[in-house]
Structure formats: structure tokens, C-alpha cells
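**Student:** In case you want the letters, here they are:
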Amino acid sequence: MADKGDGQVAAQVDRELTSKEAPEVARKRWIGVLARADQDATEELWAALGRTDAYTVIRGPEQGLVMVRGRAGGTGRAFNLGEMTVTRCTVRLAGGAVGHGYVCGRRPEHAERAALIDALMQLEDECQVVDAQIIGPLETVEEKRRASRSCKSAATKVDFFTMVRSE
Amino acid sequence: MYVPVKGGERAIENAHKLLAEERRGNRDTPDLDVAQIDEQLALAVDRVMTEGSLYDRELAALAIKQARGDLIEAAFLLRAFRTTLARFGYSIPIDTGQMVVRRRISATYKDLPGGQVLGPTFDYTHRLIDFSLLEGADPENLEEGESDMGVTPHVLNILDREGLMEPANGSSGAQERGEDGEVHVGDLTREPLEFPADRDIRLQRLARGDEGFLLALGYSTQRGYGRNHPFAGELRLGEVRVGFVPEELGFEIEIAEITVTECEMVNQFKGSKNVSPQFTRGYGLTFGHCERKAMSMALVDRALRAKELDEEVEAPGQDEEFVLAHADNVEATGFVEHLKLPHYVDFQSELELVRRMRAEIEAAKVRNGDAEQIEAAE
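Sequences listed follow chains R and F, in order. Per the numbering used here: the first sequence = residues 1 to 167. Per the numbering used here: the second sequence = residues 168 to 545.
Keep in mind the hints are simulated off the structure, nothing from the lab. Note that the structure is a prediction, hence the values are computed from the model and not measured. Check before you lean on any hint, since a few could be wrong.
What follows is a set of in silico ranges between Cβ atoms, one per label pair, in the way DEER data are often shown [to be verified]:
(1) R:38 x F:301: 26 to 36 Å
(2) R:22 x F:233: 46 to 56 Å
(3) F:288 x R:133: 37 to 47 Å
Calculated cross-link-like contacts (lysine-lysine; reagent style DSBU-like; alpha-carbon spacing at most 30 Å) [stated by the list, open to error]:
(4) F:277 x R:157
(5) F:277 x R:152
(6) F:440 x F:474
(7) R:144 x R:157
Ideal Cβ positions, reconstructed from N, Cα and C, are used throughout, including at glycine.
Chain R on its own, in the form it takes in the complex (with noise of 0.2 Å):
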């Protein structure tokens, strides 16, 4: 019984997250891989994709800060560790689509192209194309990427031993 209790609630959040929250969760996803990937690759793929969108920058690209914080104890308080560096940029489709691009770095090319790629997201005719081909593959080398660092230092996992002293 209660088995199926949690069940429903489960099914019901997950519908209220199609409904609501979808739209977020998923537009978050592409601004984050755009933002942490690499400016060549992407604009390899964009190439590749072969688009000529007429837009109008509405804003920026503009080089700017982020104070990053931090946690006491990882959960704490929190404080202000240091800023990065953050490119960001506004564009506008023909047909009126608006789309962001926030890059780590100095990177004002990388943030226009973020933002154009933003904005054809959220066409419907064209997000499914823009995803397989720049957001997804995007992502697939991130996830590489990753992964590698992790299975090399997964090779230095240790154990140790407690020596039992001899009396």
C-alpha cells in the first residue's frame, strides 16, 4: 500500500515538472553545457549545422564578474570565496526568440554564439536539430571528459592498513 502511495506522489511531481519546471530544468541544461564548453568545438558544430539566422544583439557581449561562494564546513554559512570571470550576451531572432549566452571566461564570440544557440532552443521547429547537434555532442564531450579524469584517479584509490603492533 504504501508502495503505491509513494508511486503516485512520484507520478503527480513528475507531472507537475512537465509542467512547470520542465521548460527550466531543460533550458538550464543547454545554458550550462554551453557555458563550460569549448569555444572551437562548439563553433565546429555550428558550422557544421550550416545556419545563416538573422539576429540583432541586444545586449552586450559584456565581460563581467561573479563573486563565487563557498559554505563554512561545506554546509555552513556561507562566504564569498573569489570571483571568476563571465562573458554574457542578449540576441534577438528575426522572429523575436530572445536567448542568453553566460560563458565562463573571457569569451565574447563564445557568448554571442550561446546566446544565438539559446534562442534557436527555444524554437520549436528547431530545437530538436540544434540539440542532436551542438548541445547534445557538446555534452558527450563533457561527459569524456569527466569520466576520464575520474578513471585515472580511480587508479590511485588505496587502501590502508592498521599495523597491529608487536609487543
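Put chain F on the given structure of chain R with help from the hints.
**Tutor:** Here is chain F on its own, set in the frame of chain R:
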């Protein structure tokens, strides 16, 4: 009073040209690529980002090149650069519990959920000079293990569950909320340092503080100047994502993945009138891979909590004003190095003062001498 001087423009210009020449060095040696510094002097880049308080690898590497390897000068360059940029806002606090760890060790538990991962470390090396690097030898092929991308829980949670560990906030409790309901986090880039300083301000100051200074202070607490019985509860290195809420979007996005080093010290605590004996915490967090700095920061953070824990403040490492006022190497170098600037007028007045005092003493001696001679004669 400092009285400015004029002139010397040509000499200064030529001195800077000479600096550029020396920086380049022998032209038969290839020019140093910023990417090489980023990749192969990565720990210098990490230190400059941490103390320059700006996460930007390429910029830090460039600053190191420009500063000819003088890391404090490089940190100074980053601090100066940041003043040219607008602040977009504050990140969501990074969640180090979600870190993809590349290194994670604990000196308190040998069997940890998630295991001990040595990662890239100087530990257990014999500190012998490796002459094969002279030849530019390629490193050996790496053995790879099974990737574990799962979340690695914090070690101190183990003690936390038993109630033997104070909460992450310490006994100071929850953070104050302002009138708008938002938690106020002090920011030294916006507000001057004032005493007594809250822990958020102390941690920010320590995070950008000089590694050498904090190392010496941390060491002093170990040697008995404000002893607090530390154990390296956990030290971890890895990548975390940085979340940010742009106003125009109104929801959280990720703007970067950054490398950080985190150290949690576990310290003994006798307990006080109100609190039973338990372990307390000291916390260290840095950009990049700065292990020594993170450990030193954690030792000093704990030492600076003396007052909060009803401990006697008797050693330099526990003295908040002493530690925080002198931890910043960019400020410190500014004040120490300004002594090199012309102080001719200042010194001229000092010179006159010393001459006058000497003359007065000499005159007094002569008068006394005369008196003695007269006495002797009588």
C-alpha cells in the same frame, strides 16, 4: 607626510623597457607560451587565482608571465584587472558535496564510503630531483581505474550523525537575515574590514590571504601557540559547478565548472558550560589545487574561533585583528614596497631632527664635563 617628487620620466621608461628585455631573456630560448604556464605550472596558476581572488586560468597564467614568475606580483595584477570589470552578481554557494573528486583523503578514517583517492599528489614521493625532466621525458602510461562519478559524501558527516561533531555553522547558529529576509554575506571587496569580524568575513579574508603567512600561523598553533589538536578530517580536490541566477531569467543556471580544494579539520574541544565535549571544525577552501593553503586556512579558521568557543585568546594565530589585518599579501606588499618610493622630504626632516638631538646631547656632555672638571679641581 608623503611629499611627491617629479621627473625621471625617461629613466622610468627605459627601466620598463629593460624589464621587458629581461623578462624575455635570451632570444635563443623559445618564448614561454601562456598555455604552457597554465598546463605545466598549474599549481602556480592555482595559487595566483586564489590569492588574486579571481578564477581565470588564462589570465592568471598571463599575469605569471608578465610578473616573471613573481606570484605575489601576479596576484596583484589580477586584483588590478578585476577593478576594470562590472560585477554581475553572486553565485549560489557551491556544493562541495556534489564534487566530482579527483583526490580525497582522510587522516581520521581509513575506511570511508567512497574510499581514499590519492589523486595527483606529491605525498609519498621521495623528493629527489628527477633529472629525466631535463630531457623532457614523457610520463609513463597511466593505469586507469573504474570511473566513479557518484557523489562522495563528506567524511565529517560520519561524526555528525553520532552527535560528536558540532554543526557546520559552529555554535554561532544561523546566519543573520536582513530586513528583506535575505541572508547577509559580508563582502570585503565592497566593505572595509572591521572588528570583530564574523566568520563569513574571516573566511573570505583567509581564502584570499597569503599562503606563507597562513602556513606559518597554522604551524604556530600546532607548535603550541594556541594549540587546538587538529586532524585532517578530509581533504578533497575536484570539480564543482557554479550556479547563478541571472535577473533576466529568474531561475538558476550553471555558468562554469571550477576546480576547488577543500579541507575540513577536526579539532578537539573540551566543552564549555553550555556545550558537552565534542569535535569542532576548521574550514579551508581555495580555487584550484592549493592543498597547503586549504589546510593552513582550516587551522587558522579554527584558531580564530577561540572567542566563540570560550577559549582563551593568547596566541598570534587566535588574534583576529592581527591575523586578518596582515593576511593579504597584495595589501602587505603595497605598504612594505612603498618604502622604496622617494621619501626625500620626510627623510630630510628626520635628518635634521637627529642632528639636533645629537647636538643637544653633545652640548649637555660638554656642560657636564666642564662641571666634572671643576669638581675634580676642587
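**Student:** Against this structure, judge whether each hint is valid.
**Tutor:** Hint check:
| no. | hint | verdict |
| --- | --- | --- |
| 1 | R:38 x F:301: 26 to 36 Å | 33 Å, holds |
| 2 | R:22 x F:233: 46 to 56 Å | 48 Å, holds |
| 3 | F:288 x R:133: 37 to 47 Å | 41 Å, holds |
| 4 | F:277 x R:157 | 12 Å, holds |
| 5 | F:277 x R:152 | 21 Å, holds |
| 6 | F:440 x F:474 | 14 Å, holds |
| 7 | R:144 x R:157 | 20 Å, holds |
Checked against the numbered hints given earlier, the structure satisfies every one of them.
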